[in-house]
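Visitor: Now for the letters of each chain:
2 protein chains.
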Amino acid sequence: MGSPRSPFDPVANGLDKDFQLTRYSDLKDFGAKVPQDELLQLLQTVKDPEEEKTAEEIMLQQPNYGIGSDCSVVPLQHGGLFLVETTDFSYPVVDDPYIMGQIACADVLSDLYAMGIMECDNMLMLLAVPQTFSDKEREVVIPLMMQGFKDIATVAGSKIRGGQTVLNPWCTIGGIATSVCTLDKIVCPDNAVPGDVLVLTKPLGTMIALTARKWLTVPDKKKKLNALLTAEELERGYQEAVFNMCKLNSDAASMMATYNAHGATDVSGFGILGHAEALVRSQKEEVSFAIHNLPIIAKMQHVAKGFIDFKLFQGRSPEVSGGLLIAFPREQAASYCKEIDKMGSSAWIIGIVEKGNRTAKVIDKPRVIEVTTKIM
Amino acid sequence: MGSPRSPFDPVANGLDKDFQLTRYSDLKDFGAKVPQDELLQLLQTVKDPEEEKTAEEIMLQQPNYGIGSDCSVVPLQHGGLFLVETTDFSYPVVDDPYIMGQIACADVLSDLYAMGIMECDNMLMLLAVPQTFSDKEREVVIPLMMQGFKDIATVAGSKIRGGQTVLNPWCTIGGIATSVCTLDKIVCPDNAVPGDVLVLTKPLGTMIALTARKWLTVPDKKKKLNALLTAEELERGYQEAVFNMCKLNSDAASMMATYNAHGATDVSGFGILGHAEALVRSQKEEVSFAIHNLPIIAKMQHVAKGFIDFKLFQGRSPEVSGGLLIAFPREQAASYCKEIDKMGSSAWIIGIVEKGNRTAKVIDKPRVIEVTTKIM
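Residue numbers (the UniProt record's numbering), protein chains in the order written: chain A, 1 to 376; chain B, 1 to 376.
You may find that some hints are simply not true.
Copies of the same chain are indistinguishable here, so a pair counts whether it falls within one copy or spans any two.
As a list, the in silico DSBU-like pairs of lysine-lysine whose alpha-carbon atoms are at most 35 Å apart [stated by the list, open to error]:
no.: 1; residue 1: Lys17; residue 2: Lys361
no.: 2; residue 1: Lys284; residue 2: Lys223
no.: 3; residue 1: Lys361; residue 2: Lys159
no.: 4; residue 1: Lys311; residue 2: Lys136
no.: 5; residue 1: Lys361; residue 2: Lys136
no.: 6; residue 1: Lys159; residue 2: Lys311
no.: 7; residue 1: Lys305; residue 2: Lys185
no.: 8; residue 1: Lys17; residue 2: Lys342
no.: 9; residue 1: Lys355; residue 2: Lys221
no.: 10; residue 1: Lys17; residue 2: Lys223
no.: 11; residue 1: Lys365; residue 2: Lys159
no.: 12; residue 1: Lys214; residue 2: Lys136
no.: 13; residue 1: Lys159; residue 2: Lys222
no.: 14; residue 1: Lys221; residue 2: Lys284
Quick caveat, the hints were computed from the structure, so don't treat them as lab data.
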């Protein structure tokens with residue numbers, strides 16, 4: 001996945017040499033999310049107070065997670081089945097349309113994986129085609145994005161059977177992932193207890209690596225970057241980011257139930273801390289999360305310290321198609337990480353669950369774990 | 001639905017008096033769809049040849065409709081159940097955010113209704129918030145759109161349990177509707193045979209009425225319109241369009257199985273003929289559709305003849321949240337229309353199914369049926 005392809009060459013594809021997919025969005029630093037606080041406020045409009053389930057109802061095997069969770073989970077009228085659904089779409093973060101399609105698909109499926117669900121019964125694709133695309137650009141770029149999306153869906157064992165395509169000033173790609181399953185296939189996200197530890201399954205720093213790559217095209221920024229890292233180190237960081245963004249969270253998810261995970265979420269635009277905060281808010285027990293370790297793509301900590309901060313060390317740097325953040329019983333976490341490592345993927349213990357008031361923090365001066373992924 | 005509310009007043013909501021939601025898209029005449037031919041071409045990328053099912057497989061109760069159909073229909077591993085899903089999103093066509101939310105929701109659900117499915121187990125909402133919205137505009141307009149969407153979902157007996165919200169130059173609203181059901185709840189779309197007749201359940205001309213309303217703000221266009229119709233007639237046409245766009249196709253769908261419908265689709269952006277073409281292409285039998293009658297919102301034919309053509313009489317004028325186009329056995333169609341009428345909705349016989357090569361046409365000089373809906 002992601003890697004042993006040669007880089008996307010606009011000219012070889014009949015496009016202008018300056019074609020850059022990431023230009024089809026004018027957002028500063030990819031900040032395409034409505035701010036998290038405001039979003040939660042807006043979502044009150046559609047939230048149904050009756051849907052706030054009590055622990056009793058969950059005990060009665062009637063989870064009904066909805067707005068604010070990674071997936072909506074709805075009990076069906078058909079014997080013991082649940083409908084689990086998620087949707088996600090976003091703007092291009094890389095210039096290779098095929099890779100962008102892969103990232104978008106991995107990102108959509110990530111929400112199912114966060115609930116431990118391994119089988120996606122159906123996918124729909126959402127696409128906005130820039131109205132300023134030339135005929136040639138449409139003809140070349142859109143099928144490549146679709147192909148990337150489809151290929152990752154295939155790796156995940158799923159299929160795309162529909163969707164919606166519109167014209168828009170900006171380019172967007174995303175989709176919908178749906179699973180119908182019995183309760184035993186779902187890892188409920190709200191069972192963390194004091195004493196648990198927190199595990200993360202992909203390194204942080206994707207947005208730093210993407211931004212550094214983009215800024216290499218701006219002379220004065222390039223100069224600053226080159227003072228920090230070599231061209232090879234920057235390229236390597238970018239490739240690590242691409243590899244991780246395209247990677248499915250399937251290995252990480254497949255072992256969650258085995259090691260008795262108490263809940264998980266996937267990390268993306270709100271940064272590790274933003275997603276930790278969302279996860280801790282949804283816990284049944286009065287707990288808090290404290291993050292002590294930050295696994296970061298190799299060398300990207302130097303870029304963050306020296307130039308592109310994005311509050312990486314405070315846990316706020318946006319991530320793209322990030323890993324799962326999972327709460328495990330302390331005695332199981334190390335075994336889980338070992339198992340994931342055996343599967344050729346990675347996982348790190350990054351923090352602890354304590355008694356608390358449903359808040360999350362990154363400690364002062366967290367330990368940075370330099371991550372070099374085994375790119376296949 | 002739709003009607004007995006007072007019109008949206010930007011000033012009363014604390015917005016600038018010139019606030020117009022429809023400005024948050026620069027598309028000419030709302031043509032936000034990728035051209036139909038090109039779209040089908042692009043979709044070949046994700047289409048899986050194995051998914052083109054034969055009649056035998058359908059006989060074996062394994063429908064597996066996908067790309068190009070109104071819904072994706074996937075057989076599940078759980079005893080006899082099918083996952084039916086659809087997604088739709090589009091740009092504002094009216095300036096009242098609450099009404100726009102209602103239209104968007106009715107439009108999403110319409111794809112389920114086109115398959116005769118009355119129960120939607122879950123909805124997700126898709127929203128793009130214009131980045132140029134002021135804080136006040138966000139605060140006022142977005143919750144109103146969400147509320148309109150939610151209210152129509154409630155009328156349909158469904159709930160919104162998640163979604164995605166991003167910033168974008170343009171405003172979009174839409175969603176995902178999902179149902180898990182047994183095969184007997186699905187009206188398969190591909191069983192039309194020669195001798196069937198075609199029925200339509202909402203009048204055409206929505207885009208003409210919307211455009212006329214918009215052009216009343218342009219002095220020279222206003223003059224031309226006023227030469228054709230009175231201000232009252234134009235306002236009435238707009239209100240009829242709004243009423244119909246907000247109206248669920250639930251009555252129309254509820255009687256499809258009872259009267260042995262042989263297949264249906266919902267009419268929207270490609271016009272009655274575009275959707276008839278898509279439906280006829282998917283038929284198992286070698287049939288063609290001929291449309292003889294065009295039910296049109298009262299007086300809008302004069303606007304179309306005199307000024308805003310949009311190829312309405314050729315069946316090409318885009319519609320928004322239109323009715324169902326349904327093939328019925330001849331002897332059942334009239335009874336169906338009578339039944340729908342009794343329910344307080346409407347349906348008209350508009351054409352015939354003949355032996356043919358899976359093409360559709362509107363005859364020369366089709367008969368126009370002037371429709372005045374009983375707005376409640």
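Visitor: With reference to the structure, classify each hint as holding or not holding.
Guide: Hint by hint, here is what the structure shows:
In the homo-oligomer, the alpha carbons of Lys17 and Lys361 never lie at most 35 Å apart, since the shortest distance is 45 Å inside one protomer and 45 Å across protomers. When the C-alpha separation of Lys284 and Lys223 is checked against a cutoff of 35 Å, the pair qualifies neither within a copy, at 50 Å, nor between copies, at 64 Å. Taking the closest pair of Cα atoms, Lys361 and Lys159 come within 35 Å of each other only across two copies (34 Å); inside a single copy the shortest separation is 39 Å, beyond that limit. Taking the closest pair of Cα atoms, Lys311 and Lys136 come within 35 Å of each other only across two copies (29 Å); inside a single copy the shortest separation is 40 Å, beyond that limit.
Within a single copy, Lys361 and Lys136 get their C-alpha atoms only as close as 48 Å, which misses the 35 Å cut-off; across copies the closest is 32 Å, which meets it. In this homomeric assembly, Lys159 and Lys311 never come within 35 Å of each other (Cα to Cα): the closest approach is 38 Å inside a single copy and 37 Å across copies. Taking the closest pair of Cα atoms, Lys305 and Lys185 never come within 35 Å of each other, the shortest separation being 42 Å inside a single copy and 60 Å across copies. Within a single copy, Lys17 and Lys342 get their C-alpha atoms no closer than 42 Å, and across copies no closer than 63 Å, so neither meets the 35 Å cut-off.
Neither within a single protomer nor between protomers do Lys355 and Lys221 lie at most 35 Å apart by alpha-carbon distance, with minima of 45 Å and 68 Å respectively. Within a single copy, Lys17 and Lys223 get their C-alpha atoms as close as 23 Å, which meets the 35 Å cut-off; across copies the closest is 49 Å, which misses it. Taking the shortest Cα distances, Lys365 and Lys159 never come within 35 Å of each other, neither inside one copy (44 Å) nor across copies (44 Å). Proximity of Lys214 and Lys136 under a CA criterion of 35 Å is satisfied in both settings, with 24 Å inside one chain copy and 34 Å between copies.
Taking identical chains as interchangeable, the C-alpha atoms of Lys159 and Lys222 are never at most 35 Å apart, the minima being 41 Å within one chain and 50 Å between chains. Neither within a single protomer nor between protomers do Lys221 and Lys284 lie at most 35 Å apart by alpha-carbon distance, with minima of 47 Å and 61 Å respectively.
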